[in-house]
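Residue numbers (the numbering used here), protein chains in the order written: chain A, 254 to 584; chain B, 254 to 584.
I should point out that these hints are in silico values taken from the structure, not numbers from a laboratory. Errors might be hidden in some of the hints.
Identical chains share a label here; the pair holds if one copy fits it or two copies do between them.
25 Å max Cα-Cα, derived DSS-like pairs, lysine-lysine [what the hints assert, rightly or not]:
1. K335 x K566
2. K457 x K583
3. K389 x K572
4. K335 x K310
5. K385 x K572
2 protein chains.
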Amino acid sequence: MATIKDIANRLGVSVSTVSKGLNGASDISDELRQMVLDTAVEMGYSTKRSRKKENRKLCIFIENMSYESIDEFGYDIVLGFKQNAFRHKWNVEIIPVTPAFQDEERYDTFLLKNGFCGALLLGFALHDPWMKQLEKTTMPTVLLDNFISNNPNVCYIGTDNYEGIALAVSHLLTLGHRSIAFLNGSLYSMVTDQRQEAFENAMKAAELPLNKDQVAFGYYVADSAKYHVPGFLAAGATAIVCGNDLIAQGVIEECVRRGFSVPEDISVIGFDDIPVAAAFDPPLTTIRQERNEIGRCAYISLNSLINHIPISKTLLRPKLIVRESTERVKE
Amino acid sequence: MATIKDIANRLGVSVSTVSKGLNGASDISDELRQMVLDTAVEMGYSTKRSRKKENRKLCIFIENMSYESIDEFGYDIVLGFKQNAFRHKWNVEIIPVTPAFQDEERYDTFLLKNGFCGALLLGFALHDPWMKQLEKTTMPTVLLDNFISNNPNVCYIGTDNYEGIALAVSHLLTLGHRSIAFLNGSLYSMVTDQRQEAFENAMKAAELPLNKDQVAFGYYVADSAKYHVPGFLAAGATAIVCGNDLIAQGVIEECVRRGFSVPEDISVIGFDDIPVAAAFDPPLTTIRQERNEIGRCAYISLNSLINHIPISKTLLRPKLIVRESTERVKE
Chain A
254 MATIKDIANR
264 LGVSVSTVSK
274 GLNGASDISD
284 ELRQMVLDTA
294 VEMGYSTKRS
304 RKKENRKLCI
314 FIENMSYESI
324 DEFGYDIVLG
334 FKQNAFRHKW
344 NVEIIPVTPA
354 FQDEERYDTF
364 LLKNGFCGAL
374 LLGFALHDPW
384 MKQLEKTTMP
394 TVLLDNFISN
404 NPNVCYIGTD
414 NYEGIALAVS
424 HLLTLGHRSI
434 AFLNGSLYSM
444 VTDQRQEAFE
454 NAMKAAELPL
464 NKDQVAFGYY
474 VADSAKYHVP
484 GFLAAGATAI
494 VCGNDLIAQG
504 VIEECVRRGF
514 SVPEDISVIG
524 FDDIPVAAAF
534 DPPLTTIRQE
544 RNEIGRCAYI
554 SLNSLINHIP
564 ISKTLLRPKL
574 IVRESTERVK
584 E
Chain B
254 MATIKDIANR
264 LGVSVSTVSK
274 GLNGASDISD
284 ELRQMVLDTA
294 VEMGYSTKRS
304 RKKENRKLCI
314 FIENMSYESI
324 DEFGYDIVLG
334 FKQNAFRHKW
344 NVEIIPVTPA
354 FQDEERYDTF
364 LLKNGFCGAL
374 LLGFALHDPW
384 MKQLEKTTMP
394 TVLLDNFISN
404 NPNVCYIGTD
414 NYEGIALAVS
424 HLLTLGHRSI
434 AFLNGSLYSM
444 VTDQRQEAFE
454 NAMKAAELPL
464 NKDQVAFGYY
474 VADSAKYHVP
484 GFLAAGATAI
494 VCGNDLIAQG
504 VIEECVRRGF
514 SVPEDISVIG
524 FDDIPVAAAF
534 DPPLTTIRQE
544 RNEIGRCAYI
554 SLNSLINHIP
564 ISKTLLRPKL
574 IVRESTERVK
584 E
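I would like the entire structure built from these sequences, with the hints used as guidance.
Following this line, the structure appears as structure tokens:
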């Protein structure tokens with residue numbers, strides 16, 4: 254692990270200059286400061302700022318995820334993380350990011366420059382610029398729903414998608430359904446891949462054929478439904494498993510638009526149990542992700558990484574919530 | 254969730270009798286006490302004992318694992334668990350168990366009767382009597398190296414075996430080995446299954462054939478080696494991946510006995526990094542399991558379950574430790 258002295262030697266400047274650069278002092282130039290930071294990151298320097306009280310700062314980076322209102326998916330995750338972090342005397346900043354923002358500055362440099370001891374990343378996609386950098390980051394980092402191999406500074410947190418989809422299919426099988434369609438979420442997402450594999454496993458375990466006309470990828474929005482539901486209905490599906498609750502909302506609307514009643518003609522099951530799912534018409538049967546608990550565990554994992562415990566994965570149990578959008582198949 | 258009153262009603266006795274039965278008071282008969290406990294378990298009653306200071310008791314059940322000396326595999330796991338538990342004011346009891354002991358008493362009843370709020374289980378095999386009961390247990394339970402589906406009261410903790418074996422094979426590939434054998438541990442173990450799958454995946458990813466003569470299951474002891482090493486050598490293996498360090502020790506001895514030098518003729522890599530691995534002749538290259546950290550995380554997971562956070566899995570990173578039992582393949 255590089256020290257301040259190593260960085261000073263490499264740059265041919267004094268230790269106090271490096272220290273000023275790392276601590277954001279105003280009496281060195283921006284250019285020199287950036288050079289100090291970039292060199293520090295490149296040499297694998299990481300701070301022990303967490304010991305100083307005023308520097309106990311963690312960061313939540315958010316992309317592609319709504320979190321500001323209590324009805325939104327990210328709200329409880331952020332809340333759970335903050336609740337646990339505050340109790341342990343950490344400050345937490347929330348920073349929404351875009352791919353362009355990630356292109357502008359290196360991940361480690363950003364954290365170092367702003368005095369963060371670690372970060373939780375929500376909603377990142379596999380092709381995001383920072384994802385590649387996470388393979389080598391030296392900063393304690395917890396990633397929701399994404400996994401980075403072989404880097405002990407990064408941990409994956411999420412819900413067990415395999416068990417979640419297995420619960421959904423098993424619920425439908427118990428209700429007598431045999432012709433089950435799956436409208437998954439966006440491609441290029443680890444969560445989507447896992448749910449796809451889980452669906453295929455569950456159908457295979459039930460000795461049901463995988464009908465190509467009954468499996469599709471959409472996006473994690475309601476609008477996906479109109480492109481795929483007509484095909485599912487034409488292929489004789491009696492039940493549709495959805496990649497999330499928003500997709501399920503679109504699926505219900507599309508079924509109704511085409512003269513099919515939910516659940517009388519078609520059972521529909523979602524994933525997530527967002528707060529509004531109970532207010533859908535009909536109230537949605539879904540697989541609940543315990544978002545507050547995900548946030549709380551994300552803090553625990555991040556704190557473990559900061560304390561050099563190389564946690565790799567923390568998964569929470571999904572839970573089947575039975576409401577009124579599923580019922581026994583018609584004979 | 255059943256209450257004391259529910260149990261009293263079911264048995265037709267007073268609330269105070271049930272309370273005495275649950276709390277181990279001496280003024281009711283053993284027979285009545287057992288009936289109270291069995292009924293409590295059957296009705297899904299679980300205590301909130303953790304709030305009473307004198308009842309903050311956790312339990313570690315151990316089977317098939319040595320832990321009493323600092324050289325043994327389980328020592329650091331137990332230590333890490335206790336360190337974290339003591340800091341949070343829990344008492345911890347260690348109870349070695351056998352299958353016969355498990356047959357004698359139900360898991361939940363044993364915990365309830367002895368006032369434990371939760372337990373860590375080390376070294377249990379898939380066919381152990383209590384494993385079946387864990388599918389329905391209402392007691393917070395953390396299982397090392399085993400997974401129970403669909404029960405939010407049970408969590409699996411361990412090292413990421415997939416990444417561990419991938420690291421081992423990748424290390425050997427980097428050294429130019431192409432003819433790699435695998436002497437795995439005992440059958441009927443989740444860990445063994447995962448390592449087997451990981452080995453097959455790693456060979457496939459490297460586009461190397463899986464030679465049936467170069468893959469075998471033994472037991473997690475040194476003695477396994479003599480039955481399988483001769484075949485590996487005859488089949489032209491230049492490197493042997495082992496299911497644990499004890500197997501690796503046996504493999505090295507068997508190679509030497511047959512006139513092969515390690516690492517000059519055959520590279521050998523272990524799994525676990527038990528304390529004596531560095532003292533093997535030659536010192537063993539191996540995949541380290543961070544056992545103290547496993548113990549510490551096991552406590553964190555158990556505490557989460559006690560607080561109704563449905564953690565399902567916590568995995569730690571393995572780490573490649575390069576010593577002298579592996580070297581570049583001879584041209």
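* At most 25 Å between C-alpha atoms: does K389 with K572 qualify within a copy, between copies, both, or neither? -> Answer is between; shortest inter-copy Cα gap is 15 Å, intra-copy 35 Å.
* To do: Using 25 Å as the alpha carbon limit, work out where K385 and K572 are close: within a copy, between copies, both or neither.
  => between (32 Å within a copy, 21 Å between copies)
* Using 25 Å as the alpha carbon limit, work out where K335 and K310 are close: within a copy, between copies, both or neither. => Result: close within a single copy only, 11 Å intra versus 29 Å inter.
* Status of K583 relative to K457 across identical chains (alpha carbons, at most 25 Å) -> So K457 and K583 pass the 25 Å test inside one copy only (23 Å; across, 46 Å).
* **Intra/inter-copy verdict for K335 and K566 if alpha-carbon distance must be at most 25 Å** => Result: close both inside a copy and across copies, 20 Å intra and 22 Å inter.
Violated hints for the displayed structure: none, as all numbered hints are satisfied.
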